[in-house]
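Novice: Residue strings, one per chain:
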Amino acid sequence: MAGDWYLYEVFQAFLSAPAYHLLLEAFLVLWILRLILTKSYKPHKTRLGAKEKEELIAEWTPEPLVPDTPSDHYTLHPRVVDGKPGKTVTINGKKILNMGTLNFLNMIENKAMEEAAITSLKTYGVGSCGPRGFYGTVDAHLQLEDKLAKFLGVEEAVLYSFGFSTISSAIPAYAKRGDVLFVDAGVSFAIQQGIAASRSHVRYFKHNDVDDLKRLLQLQADTDSKHPKRARVIRKFVIVEGLYLNYGDICPLPELVAIKQEYCVRLFVEESLSFGVLGASGKGVTEHFGISVDEVDLICGSLENALAAIGGFCCGKSYVIDHQRLSGLGYCFSASMPPMIASAAITSLEQLENNPDIFSALVRNSRWLHEKISSIPGVEVGGDPISPVKHISLKDCGENGEQETRMLEEIVQEAENQGVALTVARYLHNEEAHPLRPSIRLAVSSSLTQPDLTLALRVISNACASVHRRDLDAVE
Amino acid sequence: MASTTKQLSFMPPQKSHENGHNWETVRANGVTAQEMKEEAVRKSRKQPHESYEQTPLIVAVITYFGYAVLVIFGHLRDFMKKHGLEEIHSAKEYLKGHTPLYSSFESFYTRNLYVRIRDCWNRPICSVPGAEVVCLERKSDDYNWHLESNAFQTAEALEVTRNVPRFHFLTTWPPVSGTMLIGTMAIHVELEQLISRFLGTEDAICFGMGFATNAMNMPCLVSKGCLIISDSLNHASLVLGSRLSGATIKVFKHNDMKDLESILLDAVVYGQHRTHRPYKKILIVVEGIYSMEGAVVRLPDIVQLKKKYKAYLYVDEAHSIGAMGGTGRGVVEYWGCEPRDVDVMMGTFTKSFGAAGGYIAGSKRLVDHLRAKSHSVVYATSISPPVAQQIITTTKVIMGDLCPDEGQRRIFQLARNAKYFRNRLKEMGFIVYGNDDSPVVPMLIYMPAKIAAFGRMMFERNIGTVQVGFPATPIIESRARFCLSAAHTKEMLDYALKHISEVGDILLLKYSRRPRPTTKAVW
Ligand SMILES: Cc1ncc(COP(=O)(O)O)c(C=O)c1O
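Listed in order, the protein sequences are those of chains A and B.
Note that the first sequence ends on residue 476 in full-length UniProt numbering; no numbers are left out.
Note that the second sequence ends on residue 523 in full-length UniProt numbering; no numbers are left out.
None of these hints come from the bench; they were simulated from the model.
Certain hints may be false.
Stated by the list, open to error - Partial list, computed: chain A residues near chain B (C-beta under 8 Å):
hint, residue
1, Asp68
2, Asp82
3, Gly125
4, Arg266
5, Leu267
6, Ala465
Unchecked claim - Reference excerpt, derived from the structure (chain B facing chain A, CB under 8 Å, subset only):
hint, residue
7, Ser104
8, Phe108
9, Thr110
10, Asn112
11, Met185
12, Tyr309
13, Val378
14, Tyr379
15, Ser384
16, Gly464
Even glycine gets a Cβ: it sits at the ideal position worked out from N, Cα and C.
The following block holds chain A by itself, in its conformation from the complex (with noise of 0.2 Å):
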């Protein structure tokens, strides 16, 4: 009844309003209909002409599509190797001690896993042809996703096909727009595509620096105390390295787990170097600093480093593992690993699970090779002692980082000459989140005896000496 009288007095007011106010209020009306239905007013947008369009469309040049690249640039003059880059290794037909691929295990020259490989390919084939959801699994992915997570004891293990897609896949599937992720400042360039590719918020802090990521996270604690509405909705996840590629130096675990569940944010750490490295049988950072891997949200490792096979995995909780299957973008949008290297990483790991000595035996020989090294005069080595991978750059070389790269180059040239493959770091420094010092990234292998130490710390300690005489006379 209450809304009758209203339209009625309504009624009553339009009839008895005067008629230059009907007039306005038609106008108005018209003129939010016009408002309306007119297109969003540009003011840039002047219509030009036929005429003056294909002027412009003459006028413009654009820049090549690549700029030239130098013909003396490294990577257009690689050293050819032939056969397998084992323990030794055949560069331009010379036979010599390798130093400088991650073949920590030295898997790459066993017997089994080179069987294990060829009797899959008689079985299969070369290629999977097509994704893990379209008849691209094969029972060996199964097999081989079963006994990762059996061996790290986790309940669920998710394959990619390429290492370097696995953790650059992992980041954007769970981490979306409008998120925070608290990321070491050291990671590895893999993390940062990752990063960028989830377009969510990123707050770096110093590498392996427990108090600045506390102090971000106080940050953002204080932030989200001021709009708990929006707190809510937005996930915050830590991403570090077990043991960092450009760095050599484990991360801090426990302290990062302690934070962890201070501040209520997810753990991710990328064992691409520390999975089949670190701990008493393999199994990574966790094992390392005896941390059980419930404490660790997401594990991504690499099967190309320790394992010599191609590809990665994530493991987990199923719960956050599973997700993957169905939004991890390397996984979901590429063909499945070739089963062949899929049998090939299964009896790499059986070979680690039988043969724990081999752990203590790579423990022994970077704990060695470090000490010796550090003594070198005028070398700095980077990295934690226990390490397989070692940063060996120069001290004294100020800024100059151009420079400094140069001498490692020729220390690499110098001690290949003699016997030892080296290789210097190689990053694109425009594309790096942070800048990195240059450096000889040393490979330590379990398979290298004491003769092979020996000749590598003198070749390595010759090399350096006699660069720094070079440079010295030319400086003279």
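Take the given structure of chain A and dock chain B with the ligand to it, following the hints.
Specialist: Okay, now just chain B with the ligand, sitting in the frame of chain A:
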């Protein structure tokens, strides 16, 4: 139909009737490589036919209704689960006090729509992924939440799921890998030279994974201040690569040249958004064959536009390389274009080559730049040598360097399979999308309930098919995708077609309202 007469004319006239459909015999009876080449050239000149029949209104309505029912029941069950009236089988969140890891829509869709029918995907196989595969049987005791496979129960399935001619040659190279920072392996040098010779480009570079080839190399080509014009149906890897590059991205309607031209014109004439500075460069990104649509890119038109507007062209030939064109050189050959018209020729080795990895081919300048600046070269592993050996062997076979005529025969067989299969489906009254020559054949199913029904019924009949639905396709256009292979024989295809027709009758899938072709498709 034109296609019929063409195929007949290809058969040796005096033998074609006696030999029936046996292609092996036909070939033995004198189709030479020369004839095949002529056919190929002829094919490359003609306008292919592409069709996309509109969704019938009633079908669209029923499909939406189907989703509505699923959503209502989903909410109902969520309600029951919340109040403990229904058992929860899914993995549970194990952390307290955290923001939920998944958005509610995403998990709703997975929980209530996908899981119910997930037995149609991820079927494990345990044999060579050839024309016939051996599948592991799976069971679930808890309504698909957990699928157990038993390694001893296997079902033979004739597979109509993979495209393109595939080769399986055993290699004896040992399995090795490793980031090759210390140098390049001799086998990779050989591979890259061979690929560039195959494609007719100055140089080529190969990477360990096709997906990563796009995702990691597009950022080396364009950057902020550049424009990427991307087809609306481009593959996830291209979308990711575009996004990582930091360039402005504009999307044109799938294969729509008018839309592409208007975007190009706007970009060149008005420059960047807001600042109106001219773009540094414009890169058009397209695929050779679109895997969900079966469409073939309209390359000649794009090349013309690209030249007119001075843009660069990136073509992803993942599905077309080795499968299209008279000698398997992809869509460039199919359309009779020049390799140098395409600035960046990208492709993968996972399909036709039966291996893994991807390549980028083009001018020496482009490839040199990638060697120096590609994320993939500096940070990732290269192709595993045994896999590289497979690619080398396969490429040589396609080129005719090894097993002369074998590559040609397979390419031809594939083209023939594709045409026959597609035409037969159309005859039966199914709605089939895409180009007549494309070996990817999407057949529309539309309704969500029929996705699983079709997949399961076909599997019972020993035919493995791929079904795709939302989010890979528009929500109402769920479809089955058949990928043909040169390894399929006519008998296999006929077997599959017979069952598809039967299942189609049971499930009322023959939606097409178009007049059926009057002449029967001939092998
Ligand atoms: C167009 C396109 N590009 C790239 C890829 C990825 O290739 P790969 O399976 O080798 O990673 C695919 C595979 O499905 C594709 O369809």
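Novice: Evaluate each hint against the coordinates.
Specialist: How the hints compare with the structure:
1. Asp68: Result: holds, 6 Å to nearest chain B Cβ.
2. Asp82: holds (5 Å)
3. Gly125: Check passed: Cβ of Gly125 (chain A) comes within 4 Å of chain B, closer than 8 Å.
4. Arg266: At 7 Å from the nearest chain B Cβ, Arg266 (chain A) passes the 8 Å test, so the hint holds.
5. Leu267: With Cβ-Cβ at 11 Å, over 8 Å, it is violated.
6. Ala465: violated (22 Å)
7. Ser104: violated (10 Å)
8. Phe108: For Phe108 (chain B), the interface hint is violated, since the closest Cβ of chain A sits about 13 Å away, which is over 8 Å.
9. Thr110: holds (6 Å)
10. Asn112: This interface hint is violated because 14 Å lies over the 8 Å limit.
11. Met185: holds (5 Å)
12. Tyr309: holds (6 Å)
13. Val378: holds (5 Å)
14. Tyr379: Holds - the Cβ of Tyr379 (chain B) comes within 8 Å of chain A, reaching about 5 Å at its closest.
15. Ser384: holds (5 Å)
16. Gly464: Nearest chain A Cβ about 6 Å off; hint holds.
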